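Undergrad: Starting from the known structure of chain A, arrange chain B on it as the hints suggest.
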Amino acid sequence: GAVVSQHPSRVICKSGTSVKIECRSLDFQATTMFWYRQFPKQSLMLMATSNEGSKATYEQGVEKDKFLINHASLTLSTLTVTSAHPEDSSFYICSATEGQAQETQYFGPGTRLLVL
Amino acid sequence: GQNIDQPTEMTATEGAIVQINCTYQTSGFNGLFWYQQHAGEAPTFLSYNVLDGLEEKGRFSSFLSRSKGYSYLLLKELQMKDSASYLCAVRGSFSQNFVFGPGTRLSVLP
Numbered sequence: 786g787a788v789v790s791q792h793p794s795r796v797i798c799k800s801g802t803s804v805k806i807e808c809r810s811l812d813f814q815a816t817t818m819f820w821y822r823q824f825p826k827q828s829l830m831l832m833a834t835s836n837e838g839s840k841a842t843y844e845q846g847v848e849k850d851k852f853l854i855n856h857a858s859l860t861l862s863t864l865t866v867t868s869a870h871p872e873d874s875s876f877y878i879c880s881a882t883e884g885q886a887q888e889t890q891y892f893g894p895g896t897r898l899l900v901l
Numbered sequence: 007g008q009n010i011d012q013p014t015e016m017t018a019t020e021g022a023i024v025q026i027n028c029t030y031q032t033s034g035f036n037g038l039f040w041y042q043q044h045a046g047e048a049p050t051f052l053s054y055n056v057l058d059g060l061e062e063k064g065r066f067s068s069f070l071s072r073s074k075g076y077s078y079l080l081l082k083e084l085q086m087k088d089s090a091s092y093l094c095a096v097r098g099s100f101s102q103n104f105v106f107g108p109g110t111r112l113s114v115l116p
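Read top to bottom, the protein sequences are chains A and B. Counting the first sequence from 1 gives a position; this note's numbering is that position plus 785. Counting the second sequence from 1 gives a position; this note's numbering is that position plus 6.
Pulled out of the complex, with its shape left as it was, chain A reads as follows (with noise of 0.2 angstroms):
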């Protein structure tokens, strides 16, 4: 089946910088990628929707400068968040689509991010 990587698996960080996560397809060209954030013991929430060369559809309350993504290319999304926060520690989770008619979205292993 399809591969997504994202990097890093983990993050710890001071409040007020900003981290990078990248997520990239490995073995196929992700028309669609898509951005969740998880809460200990809740459901995947959508934040962002990105297609390659254009910009990302962000999702009602997601604060669109907070979190920057690029969709740089057809195997490369990266989720930039910016001047974290404490309550910005999450799982990040990203997924990717292959084409339209994709049955299914192939998802990443997840990136944990604790801001202190």
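Hints are computed from structural coordinates only; laboratory data are not their basis. Just so you know, nobody snuck in bad clues.
Covered by chain A, per the in silico footprint, the following chain B stretches (three or more residues, Cβ under 8 angstroms):
#: 1; stretch: 50-60
#: 2; stretch: 103-116
Covered by chain B, according to a simulated footprint, are these stretches of chain A (three or more residues, beta-carbon under 8 angstroms):
#: 3; stretch: 823-835
#: 4; stretch: 889-895
Computed from a prediction, not measured in an experiment: that's the story for all the values here. Built from N, CA and C at the ideal position, the CB exists for glycine as well.
TA: Chain B alone, transformed into the frame defined by chain A:
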């Protein structure tokens, strides 16, 4: 609006059968997905239904009734490793987005 509902927690015994239900109300429908997620890990794809009926894949089966806005995931011959959260997700018409339910935490006991 869009709403997906699942039981929060379920418990079953090793070797038994368990059915996890999912009801949904979405603006349009273009497929229902089931994912398994172990604690601290990303979800993994289990099944996909877009037409009414039962899809069987080994120990896992998934059923869909579009008219009732209802699906279930059936797990047979439960194993301890099946202890995980099971997420139901729906994709709306002409939409790329998947809306996830709250997830069902399944505990398999010896």
